[in-house]
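**Q** Letter by letter, the chains look like this.
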Amino acid sequence: MGPDTHIRVLPDVVANQIAAGEVVERPASVLKELIENAVDAGATRIEVEVAAGGRKLVAVRDNGGGMDRDDALLCVERHATSKIRDVRDIEAVRTLGFRGEALAAIAAVSRFRLVTATRDGAGTELEISGGRMEAVRETGAPRGTSVEVRDLFFNVPARRKFLRSHQTEVFHLRAAFILQALAHPGTAMALKNDGRAIYALGPADDVMVRVREIFGADYAAHLRPARHGAAGVAVRGCVGVPSFSRADRGEQYLFVNGRPTGAPLIGHAIREGYRTLLPGDRHPCVFLFVETDPGQVDINVHPAKKEVRFRQPGEVRDAVIAAIAAALGSPAAAAGRAPAPAPAPPAADAGPRLQIVDLPYGRAFQYPRRPIRDLAATDAAVPGPFEETGIESAGTGPAAAPSPSSPDAGRTSPSPASISPPSPWSWCRVLGQVGGLYVVLETEDGYVLMDPHAGHERVLFERFMADIDGEAVPSQSLLLPQTVALPPRDAQRVRGCLDLLRRMGFGVSEFGGDTFVVDAMPAYFSGADAAPILGELAAAAEEGGRSAGEGRGREEAVARAACRAAVRSRDRLTLEEIERLVVELAQAAMPYTCPHGRPTLVFTSFRELSRRFGRG
Amino acid sequence: MKFKIAKNVLFAALQRVQNVVAARTTLPILSNVLLNAEKGRISLCTTDLEVSVKCSAEASVQKQGATTLPARRLASIVRELPDKPIAIEVDDKNIATLECNSSYFKIIGMSEDEFPPMSMPEGQYTYALDQGRLKDMLGKTVYAASTDETRHVLNGALLNFKGNKLSVVATDGRRLALVEHEMEVPREAETEVVLPTKALAELMHTLSEQGTVKVRSDGNKIAFEFDDVIVTSKVIEGTYPNYRQVIPGPAEQRVTVERETLLAALKRVSLVTTDKANAARLTFTNNSIVVSTTSPDVGEARETVPVKYTGKDITVAFNPEYVMDPLRTLTCDEIYIEITDDLSPGVIKCETPFLYVLMPMRVT
Numbered sequence: 001m002g003p004d005t006h007i008r009v010l011p012d013v014v015a016n017q018i019a020a021g022e023v024v025e026r027p028a029s030v031l032k033e034l035i036e037n038a039v040d041a042g043a044t045r046i047e048v049e050v051a052a053g054g055r056k057l058v059a060v061r062d063n064g065g066g067m068d069r070d071d072a073l074l075c076v077e078r079h080a081t082s083k084i085r086d087v088r089d090i091e092a093v094r095t096l097g098f099r100g101e102a103l104a105a106i107a108a109v110s111r112f113r114l115v116t117a118t119r120d121g122a123g124t125e126l127e128i129s130g131g132r133m134e135a136v137r138e139t140g141a142p143r144g145t146s147v148e149v150r151d152l153f154f155n156v157p158a159r160r161k162f163l164r165s166h167q168t169e170v171f172h173l174r175a176a177f178i179l180q181a182l183a184h185p186g187t188a189m190a191l192k193n194d195g196r197a198i199y200a201l202g203p204a205d206d207v208m209v210r211v212r213e214i215f216g217a218d219y220a221a222h223l224r225p226a227r228h229g230a231a232g233v234a235v236r237g238c239v240g241v242p243s244f245s246r247a248d249r250g251e252q253y254l255f256v257n258g259r260p261t262g263a264p265l266i267g268h269a270i271r272e273g274y275r276t277l278l279p280g281d282r283h284p285c286v287f288l289f290v291e292t293d294p295g296q297v298d299i300n301v302h303p304a305k306k307e308v309r310f311r312q313p314g315e316v317r318d319a320v321i322a323a324i325a326a327a328l329g330s331p332a333a334a335a336g337r338a339p340a341p342a343p344a345p346p347a348a349d350a351g352p353r354l355q356i357v358d359l360p361y362g363r364a365f366q367y368p369r370r371p372i373r374d375l376a377a378t379d380a381a382v383p384g385p386f387e388e389t390g391i392e393s394a395g396t397g398p399a400a401a402p403s404p405s406s407p408d409a410g411r412t413s414p415s416p417a418s419i420s421p422p423s424p425w426s427w428c429r430v431l432g433q434v435g436g437l438y439v440v441l442e443t444e445d446g447y448v449l450m451d452p453h454a455g456h457e458r459v460l461f462e463r464f465m466a467d468i469d470g471e472a473v474p475s476q477s478l479l480l481p482q483t484v485a486l487p488p489r490d491a492q493r494v495r496g497c498l499d500l501l502r503r504m505g506f507g508v509s510e511f512g513g514d515t516f517v518v519d520a521m522p523a524y525f526s527g528a529d530a531a532p533i534l535g536e537l538a539a540a541a542e543e544g545g546r547s548a549g550e551g552r553g554r555e556e557a558v559a560r561a562a563c564r565a566a567v568r569s570r571d572r573l574t575l576e577e578i579e580r581l582v583v584e585l586a587q588a589a590m591p592y593t594c595p596h597g598r599p600t601l602v603f604t605s606f607r608e609l610s611r612r613f614g615r616g
Numbered sequence: 001m002k003f004k005i006a007k008n009v010l011f012a013a014l015q016r017v018q019n020v021v022a023a024r025t026t027l028p029i030l031s032n033v034l035l036n037a038e039k040g041r042i043s044l045c046t047t048d049l050e051v052s053v054k055c056s057a058e059a060s061v062q063k064q065g066a067t068t069l070p071a072r073r074l075a076s077i078v079r080e081l082p083d084k085p086i087a088i089e090v091d092d093k094n095i096a097t098l099e100c101n102s103s104y105f106k107i108i109g110m111s112e113d114e115f116p117p118m119s120m121p122e123g124q125y126t127y128a129l130d131q132g133r134l135k136d137m138l139g140k141t142v143y144a145a146s147t148d149e150t151r152h153v154l155n156g157a158l159l160n161f162k163g164n165k166l167s168v169v170a171t172d173g174r175r176l177a178l179v180e181h182e183m184e185v186p187r188e189a190e191t192e193v194v195l196p197t198k199a200l201a202e203l204m205h206t207l208s209e210q211g212t213v214k215v216r217s218d219g220n221k222i223a224f225e226f227d228d229v230i231v232t233s234k235v236i237e238g239t240y241p242n243y244r245q246v247i248p249g250p251a252e253q254r255v256t257v258e259r260e261t262l263l264a265a266l267k268r269v270s271l272v273t274t275d276k277a278n279a280a281r282l283t284f285t286n287n288s289i290v291v292s293t294t295s296p297d298v299g300e301a302r303e304t305v306p307v308k309y310t311g312k313d314i315t316v317a318f319n320p321e322y323v324m325d326p327l328r329t330l331t332c333d334e335i336y337i338e339i340t341d342d343l344s345p346g347v348i349k350c351e352t353p354f355l356y357v358l359m360p361m362r363v364t
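If you read the protein sequences in the order shown, they are chains E and A. The working numbering numbers the first residue of the first sequence as 1 and each following residue consecutively. The working numbering numbers the first residue of the second sequence as 1 and each following residue consecutively.
Please note that the accuracy of each hint is not assured.
[What the hints assert, rightly or not] Each pair of labels, with its calculated beta carbon distance range:
id, chain 1, residue 1, chain 2, residue 2, range
1, A, Met183, E, Thr44, 34 to 40 angstroms
2, A, Asp113, E, Ser605, 39 to 45 angstroms
3, E, Arg612, A, Arg302, 44 to 50 angstroms
[What the hints assert, rightly or not] If you want a taste of the chain E side facing chain A, the calculated C-beta under 10 angstroms gives, among others:
id, residue
4, Pro294
5, Gly295
6, Ala472
7, Pro474
8, Ser477
9, Ala485
10, Pro487
11, Pro488
12, Gly505
13, Ala523
14, Asp529
15, His596
16, Pro599
17, Val602
For the record, the hints were derived by calculation from the structure and aren't laboratory data. In this text, a Cβ means the ideal position worked out from N, Cα and C, and glycines have one as well.
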């Protein structure tokens, strides 16, 4: 006979191990389940301890209701739960967990110890190893439950192999902890990693307080409280001002009825709330709590409850949009931004004007509200200095610099319709500025609108990349090294590319925790503040690493981000600087778009103008 | 309001105040000058809400009163008028008629009620300084202030009245300029304020070489009174970095250099740098400093400046602009450069209490 092929019911241990595959992906998922249980037990204080990236130990101790001996024994059985009794209860679950799978699954793949007591003194202790009950005994214990999960996946080598490096697992554990800490600001929570205290968060009545504790005061200063309630949907929390945007959605925290989750619907609503405030590739930081009747939410969609569905999507969407609009539109939204470059307008026009201040850099309104130079005073002088500053270097002479590069530039230009000239210009002059941002240039066969920020980014980017290729990036040391505290995600990314950053002229080193010291900057960005650049770089390095896979791609991504950050901080340029920019842009290899692909120049030919005026 | 005033007197007063007036502003009243006629004097006041300048001048006032008139336009008109007395009369609709010799102008003004009032600091203590001294101190530091608007607190100069001296400090995080002047500062009157760049420029424009300037501050505002002028400014809020921490200890090498020779050499070599961020190498070697620049697209330049130097060879790179800035504003014949190695900060000093710290560039 061959191997036994009869169908049989699997023993519980095996079934639990299979279930563990869904629930327990890595130490961070254990942590999530244990904290949720503690919260459901009514804990006001939760202490978490992890060791060796969670492989050795994930322990959660709470001061919640605890369990008696019978419940303790039951709770590690599969589909044993105190949270629902029959299928109708699922409709109205208010607790975080309800399926009753978690503890059984975790106990099946670890050395598991649970101590619980319903009041101080007499408690129960369970020890389970790989799903087999090893010991049950009476023990002295304070009220609450304490769970220790040791040697995770010790009996599932296949899973163990999929665990990532120590650092990565710690990162995931921290992320899981932060998520839970944000979800339950009223609960005091502490995290210890390898014996070192990382967070000790006191109970807070507002999520802002908790955000400040976790991400720091600098970070929290960019957030505005959001609150909106209507039609059975309440939204509260805080949202970031548009100028404090991110390159990805990593800092969008959503909670539905206290449960950290995602919902495509809310993502769209956030997008919509910021639609006119942020370019498509930027994402706001948000911490939003959506409260609605549990009956209106279907959380049983995803085994790890990572996604929910709403019965009344329209209402939820409107409430989120309204909350964001209220948060950003209120006068408080504008008041907090640190540098107000222009003199504060008087109280009478404060309302609408202040909103503009919160628009991100690089978009229209931040550019000088004052003219580049008093045009009335210098009108006559404009052509003069221009000839001197050497437009001839841009190509009045026969062998002009831009001509050789132009065929190539024309080919790669994304929208040839709007950018038709084969070379930028052989001569031009600055006529003025429109819309508080765009520079108007006249050339030999038409007029050009230039976005000076985009143009500057391009010039800076090409110069910077040339120096990186030549391996000679001049780096300017700082008098006072700046310490920059980053959110955990960004910190992790910066840590991963320290070598790259050093090669590119950033003097960055670790300072412990999520703080870095910057003691030198590439000379091109020497005027700029290190802190915003560093955050920008982190996201860029990550993205570059993923898309390109080799050094050049990463360098380009970092250079792009650095240029953007550096240019953003310039919101006043003199006419001479504009003129120099025009010359330099004309000499760039690819003058028509900024490194991020936005156009720098929009050309309209005189022929086109004549056509529009009906002159043939 | 009605008064008569000599053309030169009015023009000089307008020149003193019109710098503050923004070319284009969100508030139309801010492009006007507030005119106030009192007994035997008129006062002129302009503001951009951050900095205000008030100047008074003698006039024969027939009828007291106040109005505001477009500052730049008024100054342009007055400049072109003949050198004769000017008679100005303003009706209750704030329309001014201006007569001088055979010229006649009618200028539409705005009510003085809308003009933001100039508020003086309430500080108890007044420091008295020589005007020329203050002007000199500001001139020797202001160029080092940051222009990056994200670094708000560095967009100006620190005035630190402490320890029986006034220290003026400006830095942009890459270099720092410090001038000190000994004066009496009672313990209870010790204070420090960060004065915005715009106010610094205004002071440099209006301070004269002689006479005394009185300084008063209450921590939010600061006022400078001198001659017939009052300049008030908001101060920049925030904590100025601890500049003492930046000043390096004794350096290994100290070199005396002729200021103008070094400046001229730097000016010449920086002509081959493509961008102002490019580095100039200073090599301290046997009895000379060799200043050189290299730029892959342009070429290279080298200058040798003779000095007395017998120490070890040291090469250090600086942003040439950063070295030239203090050399331009100092007036002494010789300066001292202190260096230790290619990574430590360089220091420039001179006979007077001046100190300039600059960070080297690392050229990889």
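**Q** Hint by hint, say whether it matches the structure.
**A** So, going through the hints one by one against the coordinates:
1. The hinted range of 34 to 40 angstroms is not satisfied by A/Met183 and E/Thr44, whose Cβ atoms lie roughly 60 angstroms apart.
2. Remark: the range hint 39 to 45 angstroms for A/Asp113 to E/Ser605 is contradicted by a beta-carbon distance near 52 angstroms.
3. For the hinted restraint 44 to 50 angstroms between E/Arg612 and A/Arg302, the CB-CB distance of approximately 57 angstroms leaves it violated.
4. Hint status for E/Pro294: violated, given a least beta-carbon distance of 46 angstroms to chain A, over 10 angstroms.
5. Hint on E/Gly295 is violated. Least Cβ distance to chain A is approximately 49 angstroms, over the 10 angstroms limit.
6. Interface hint at E/Ala472: satisfied, since its Cβ lies 6 angstroms from the closest Cβ of chain A, which is below the 10 angstroms cut-off.
7. Annotation: interface hint on E/Pro474 holds; nearest CB of chain A at approximately 5 angstroms, less than 10 angstroms.
8. Interface restraint check for E/Ser477: the shortest CB-CB distance to chain A comes to about 4 angstroms, inside 10 angstroms, so the restraint holds.
9. Restraint check, E/Ala485 versus chain A: the minimum CB separation of about 17 angstroms is more than 10 angstroms; hint violated.
10. Interface restraint check for E/Pro487: the shortest CB-CB distance to chain A comes to about 19 angstroms, outside 10 angstroms, so the restraint is violated.
11. For E/Pro488, the shortest C-beta to C-beta distance to chain A is roughly 24 angstroms, which exceeds 10 angstroms, and the interface hint is violated.
12. Interface restraint check: E/Gly505 against chain A, minimum CB-CB distance 7 angstroms, threshold 10 angstroms, status holds.
13. A distance limit of 10 angstroms between C-beta atoms decides the matter here; for E/Ala523 the minimum to chain A is near 4 angstroms, and the interface restraint holds.
14. With its C-beta approaching chain A no nearer than about 5 angstroms, E/Asp529 sits inside the 10 angstroms limit, and its interface hint holds.
15. Here the hint on E/His596 is broken, as its CB sits about 20 angstroms from the closest CB of chain A, past 10 angstroms.
16. A least Cβ separation of about 25 angstroms between E/Pro599 and chain A goes past the 10 angstroms threshold, and the interface hint is therefore violated.
17. Because the closest C-beta pair between E/Val602 and chain A is about 25 angstroms apart, greater than 10 angstroms, the hint is violated.
Of the numbered hints listed earlier, those contradicted by the structure are 1, 2, 3, 4, 5, 9, 10, 11, 15, 16 and 17.
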